[in-house]
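Peer 1: As numbered in the numbering used here, residues 1 to 248 make up the sequence shown, in order.
These are computed hints drawn from the structure, not numbers from a lab.
Note that the structure is predicted; figures quoted are calculated from it, not measured.
Be a bit skeptical, because a hint or two may be false.
[Said to hold, decoys possible] When the alpha-carbon atoms are kept at most 16 Å apart in a straight line, the in silico EDC-like pairs for lysine to aspartate or glutamate are as follows: (1) 13 x 55; (2) 124 x 100; (3) 13 x 32; (4) 31 x 61; (5) 13 x 40; (6) 151 x 162; (7) 13 x 24; (8) 31 x 71; (9) 189 x 173; (10) 151 x 173; (11) 151 x 117; (12) 151 x 107; (13) 124 x 155.
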Amino acid sequence: LSRSLTVNGVEAKVVSSWVNGSRDISRESLKDALIPISSDVSVLMPPDRMAESMDLVCHTDGMGIVQRVVELSRVMFDVIIADTGGRMGPATGGLLRAADVVLVVIDDTILGLTAVDLYLTFVKTLVGGNDRILFLVNPYSGDLLGVPQIKAELEPVHNLGELPWRLPPIPNDPKAALWPGSGRTLYSKGQRGTRLALERVARELGIIEVEGQTGFQNALPEGAGGAPQSESWIKRVFGKRDGRVDQS
């Protein structure tokens with residue numbers, strides 16, 4: 001995500017200033033460094049220069065920086081997700097030790113399993129046990145080796161128990177990965193009415209904003225699918241009135 005947003009903005013420069021010591025890590029500077037994705041989600045960028053990035057990951061001072069950022073973030077946010085990107089260093093170790101849950105994403109290839117075998121030795125030493133470790137299997141190969149088979153490969157060596165394997169694997173659909181931008185989706189091929197129906201479903205599910213996400217909306221009369229109704233179709237289907245949703 002940070003790569004797609006690029007690291008050349010003013011927010012990334014704030015993170016660099018933390019690393020080189022030209023600015024203190026405070027609630028205000030953290031707000032300046034965050035990029036809001038929605039009203040509930042913000043992203044913290046990596047430093048904008050390679051020198052500061054290397055110092056943050058590899059230098060021992062990086063541990064103090066990430067610990068301070070985590071302390072402030074725990075006060076400002078309900079959930080903090082730190083993607084280490086496979087990097088190893090003092091800062092990574094500090095994040096792992098401070099984490100409530102260490103989520104290890106693994107794939108179902110032989111190379112992936114070998115890497116996890118080595119990585120677990122490092123992680124278990126830092127975390128101090130298996131209680132906070134969770135595995136999330138991403139069936140990259142598409143063969144769906146399965147969580148039980150992967151567990152059988154790692155369990156004899158690491159003795160992890162049942163809890164780290166309680167998450168289901170990520171659903172894998174290679175054909176669906178080719179759909180975006182292909183022009184072959186139901187939305188792309190559908191007529192005007194089909195697109196409006198799909199957009200309304202997306203609005204009800206909260207995937208898109210209520211207003212301003214469709215070109216058809218302003219041209220529709222009240223009740224034709226584009227304008228908000230007094231009672232949503234999801235509430236009608238499940239028999240809930242607007243005034244009773246919060247209690248349901």
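Peer 1: For every hint, state whether the structure bears it out.
Peer 2: Each hint tested on the structure:
no., hint, result
1, 13 x 55, "holds, 14 Å"
2, 124 x 100, "holds, 14 Å"
3, 13 x 32, "holds, 10 Å"
4, 31 x 61, "violated, 22 Å"
5, 13 x 40, "violated, 23 Å"
6, 151 x 162, "holds, 9 Å"
7, 13 x 24, "holds, 13 Å"
8, 31 x 71, "holds, 14 Å"
9, 189 x 173, "violated, 21 Å"
10, 151 x 173, "violated, 22 Å"
11, 151 x 117, "holds, 11 Å"
12, 151 x 107, "holds, 12 Å"
13, 124 x 155, "holds, 14 Å"
In summary, the structure is inconsistent with hints 4, 5, 9 and 10 from the numbered list given earlier, while agreeing with the others.
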